[in-house]
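Asks: Protein chains in written order, with my numbering: chain P, 1 to 414; chain E, 1 to 414.
Treat the hints with care, since some could be wrong.
Chain copies aren't distinguished; within one or between two, either way the pair holds.
Straight-line alpha carbon distances no greater than 35 Å define the calculated DSBU-like cross-link-like pairs of lysine-lysine that follow [what the hints assert, rightly or not]:
id, residue 1, residue 2
1, Lys333, Lys352
2, Lys11, Lys208
3, Lys208, Lys333
4, Lys27, Lys333
5, Lys27, Lys352
6, Lys333, Lys105
7, Lys281, Lys5
8, Lys27, Lys11
9, Lys208, Lys147
10, Lys105, Lys208
11, Lys27, Lys147
12, Lys11, Lys352
Worth flagging that the hints you see were computed from the coordinates, not collected in a lab.
Protein chains: 2
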Amino acid sequence: MDTEKMGAAAKSAARILGVAGTDIKNKALEAMAAALESRTGQIISANAADLDNGRQNGMKDSLLDRLRLTPERIAGMADGIRQVAALADPIGEIIEGSVRPNGMKIQRVRVPLGVVGIIFEARPNVTSDAAALCLKSGNACILRGGKEAINSNMAIADILREAVASQGLPADCIQLVSDTSRESANQMMRMNGYLDVLIPRGGAGLIKAVVSNSTVPVIETGVGNCHVYVDRTADIRMAADIIFNAKTSRPSVCNAIETILVHRDIAQEALPVIKARLDEKNVEIRGCQRTAEILGDCVVPASDEDYATEFLDYILACRVVDSLDQAIEHIAKYSTGHSECIVTSDYASAEKFTSSVDSAAVYVNCSTRFTDGGEFGLGAEIGISTQKLHARGPMGIRQLTSSKFIIQGNGQIR
Amino acid sequence: MDTEKMGAAAKSAARILGVAGTDIKNKALEAMAAALESRTGQIISANAADLDNGRQNGMKDSLLDRLRLTPERIAGMADGIRQVAALADPIGEIIEGSVRPNGMKIQRVRVPLGVVGIIFEARPNVTSDAAALCLKSGNACILRGGKEAINSNMAIADILREAVASQGLPADCIQLVSDTSRESANQMMRMNGYLDVLIPRGGAGLIKAVVSNSTVPVIETGVGNCHVYVDRTADIRMAADIIFNAKTSRPSVCNAIETILVHRDIAQEALPVIKARLDEKNVEIRGCQRTAEILGDCVVPASDEDYATEFLDYILACRVVDSLDQAIEHIAKYSTGHSECIVTSDYASAEKFTSSVDSAAVYVNCSTRFTDGGEFGLGAEIGISTQKLHARGPMGIRQLTSSKFIIQGNGQIR
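Isolated chain P, as found in the complex (with noise of 0.2 Å):
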C-alpha cells in the first residue's frame, strides 16, 4: 500500500469535497446509487468470486450469508445511499456566534474532518454506506475492508468511484486499500498527517488491535457488554419484555444485552417469569450461586469471565445483587460503556441509575436495543462510539464533522 500517495490523494480531493456545494454532493450521491443498481450484475459476478474463495477457505454459512450480495441487497445498499442523500446537509451549519466587546463578530461554523479511514471487516455493505455519509458530510475516505469481500468491495469502489466523478468531483473522494494484509491496517493507523480520524469497524478484535496501535485519532465503535437492572420496584412483566426483546430480537449486535442483574428482593419472584420468556428462545442461563437456588439446575455457574463477555448469542449471564449500588458498581466494573438499562417504578432509582451509569446510553424501563442513529432520529450511522472524545452513541454525519471559528473585524488588534 502506498500510504504517501493514496494520503495525498485524498488530502487533495478532500480540500475540494470540502467546499462542494450541497446541490453537487446530493447529484454525486444519486448518481452512486443509480450506478450501483445499473451495474448489479458486475458486482454480483465480483461477489461469486468472493463467495468461491469464502467456501474453499472452509467459511461458516453465516459468515457467507453475510458476505453473500443479491440484487435486492444491492438495491438496498442503493437505497440507503438515496437516504443519505436526503439528510440535511450539516456542512456550513453556525453552531454559535457572538459579538465581541472590540466589535469583533465570532462564528464558529461546522467543517468536515477532512480524510476519514475506516477499517472493517468482511460485510460489503459497509464500502457504499461509509462512502455515502463521508461525501455528504465532506469528507474523503480511505477504505479498508476484509479479504473475504476484497472483489466485491474492489467493485463497488470502482462503480462508486466513477459514478463521483462523473459529477465533477474528485473520484479520489472515495479510495479503497486493494492491499488487505494485515501491514495495510498497520500502515493505516500510522497514516498521521493525512487521516483527521480511523474508524474500526467489526468485531472486538479487530477494534482492539486498532486502538492499541494506532497513532491517528481513532473512534472506537461497537463493542457491547450490555446490562439490564431488575430493580426492587420493577413491573416484573415488564422487565420480562424488555429482557426477551434485548436479548434475543437480535442477538449478534452490539445493543443486545448480555447480563441482567436482579435486586435481591425480587428476584424470587422475577426470575421464574424472566425465564419463562427466555425459554421460548432456548436462552441459556449463566448465573451466579442465588441464580441457581431460585432457578435450579438449568443455570450454568457464571465465572468473572462470563460476566465480561459479550457473547453475541443465545447465552445471558445473571446475577442476583444487594443493592441498586451493587449493580451500578457491577457495571462500572464489566460494561463497555455501550448501552445500559434500569426496569423500576421508583423515581429516586431511575435517577441515581442515569447519572451513575457513564456509558454511551442509559435507559429507564425500555429496550437497549434502541441504540442505532435511526431509532435515535439521528439518520443512518457511522457506527456506536464507545469512548468519550469526540462522539459518543450513534454517529451519524453530524458526528463526522469538526468546526472552526471564523472572526471578522476592522483592523482589531490586541
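With chain P held as given, fit chain E onto it using these hints.
Replies: The following block gives chain E in isolation, referenced to the frame of chain P:
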C-alpha cells in the same frame, strides 16, 4: 511510575467527582485558591530548589524566569482558580432532546470525560490551572510536569490535594506524577482504559512525541505557524498595524504570526510601510526574491525551511504571491492549522479565504493574537487544539466534557 495504581485511583475519584454538585466543586476550588495563598512560603521554598538546580544546570535566564514563582505569581494562580470557580458548570447541561414516535424521551446530557492526562513543560502554574479546569468540569486529572519544576509542582499538587480533600472530595481528583523520566511520559501514552484523553502542553517536540506515540486519545495543541495574507485590496495601514501586532506583541506565543504573504499588485506599495513598522522592533525579514527586490539588502533569503518554521522570535518570513489562490495554497502547505488572517476590502476575497483556509481560527481584518479562550469569551483555556477531532481552537471547560444519551420509556421494545 505505578500506572495501574494511579489509573485506578483516578478512575475511582472520577466516579465521585463526576456526580458531585456545582457547590461542592466550587468550594473545593475556593479552598484550593486559599491554600495556595496561605502556603505561599512553602511553594516559594520548593521553587527555590528548582531555581538552584536550574542555575547549576546552566538554564537560560528566560527559562529561569518562566520557572520562578513569586508571591504575586502565586496570587495570580489563586485568582485563576477563582475565575474557574466563577464559570458556569457545564456538567448536566441538556444539550438536546426529543420525543420519539414511540413515546421514548431522549435527552443528550453533558458529562465529564472522566480522567484527563496532561503532560507539560517548565511552567509550574500549569499545575494549578489544569487542576482547576479539570475539577470544575468533573474530571480527575493525572499531571506530569517537567523535571525542571518538579519541586514546585509537588508542593503545589500536595497543597491542592489537601484542599480538595478538606471539602470532602477525593484527594486523587488531582494526582501528580513524581517520576519525571521520559519513561513515565511514555507510560502515560499507553494508559488506555484509565485515561480518557491525553493533552500535551509545551513545545513542538513534546507535542510531536505524544501525537506519534500515544495510543490514548490525544488532543494536539498549540503549535502555531500562523499567517497574514495582505490582499490586493487591503488597507495598507491596517495591514501594517495587524502584522506589527501579530508579530511583535508577544512573539513567543502560538498565536503570533510567522509568515506574511503579500499580493504582487500591492507589494511595491505595502512592503515598505509594513517594514517601517517592523523596524520599530528590529524584526528580521526572511523574504522571497521579489521581497528582496522591493525591500533591498536587509532581506535575508527565505528557504522552504523558513516557511515551515515557528520562529517564536523577532523573525518574519515574507513571500510575494501572485493571487489569493496562491496564498491559500501556501497556507495549506505550511500552516499548522492554528490561526490565519486575510487583510482585504474585497467581499469575495474575504469569503473565499474564510471558506477555503482550513485552520482552527480564520480572521478577516484583525490580529491572530485573539486566538485565546478568554478573548473569545470562552473563559480560561486548557490549550488551543490544532486537530479536528473533539475540539478545535481554544479549549475551555466545555471541551473537557463528553455527553451521554438518557432514554426514558415505559416499556418500549424494538
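Asks: Now look at each hint and say whether the structure bears it out.
Replies: Status of the hints after comparison with the structure:
1. Lys333 with Lys352: Classified as within: same-chain Cα gap 17 Å, cross-chain 51 Å, threshold 35 Å.
2. Lys11 with Lys208: Both: 27 Å inside a copy, 20 Å across copies.
3. Lys208 with Lys333: Intra 18 Å, inter 34 Å, cutoff 35 Å: intra and inter.
4. Lys27 with Lys333: Answer is between; shortest inter-copy Cα gap is 30 Å, intra-copy 48 Å.
5. Lys27 with Lys352: Between copies only: 23 Å across, 48 Å inside.
6. Lys333 with Lys105: between (47 Å within a copy, 28 Å between copies)
7. Lys281 with Lys5: Classified as neither; 52 Å inside a copy, 44 Å across copies.
8. Lys27 with Lys11: For Lys27 and Lys11, the Cα distance is within 35 Å only inside one copy (22 Å; across copies 48 Å).
9. Lys208 with Lys147: both (19 Å within a copy, 34 Å between copies)
10. Lys105 with Lys208: between (44 Å within a copy, 33 Å between copies)
11. Lys27 with Lys147: So Lys27 and Lys147 pass the 35 Å test inside one copy only (31 Å; across, 57 Å).
12. Lys11 with Lys352: between (46 Å within a copy, 19 Å between copies)
Hint compliance for this structure: hint 7 alone is broken.
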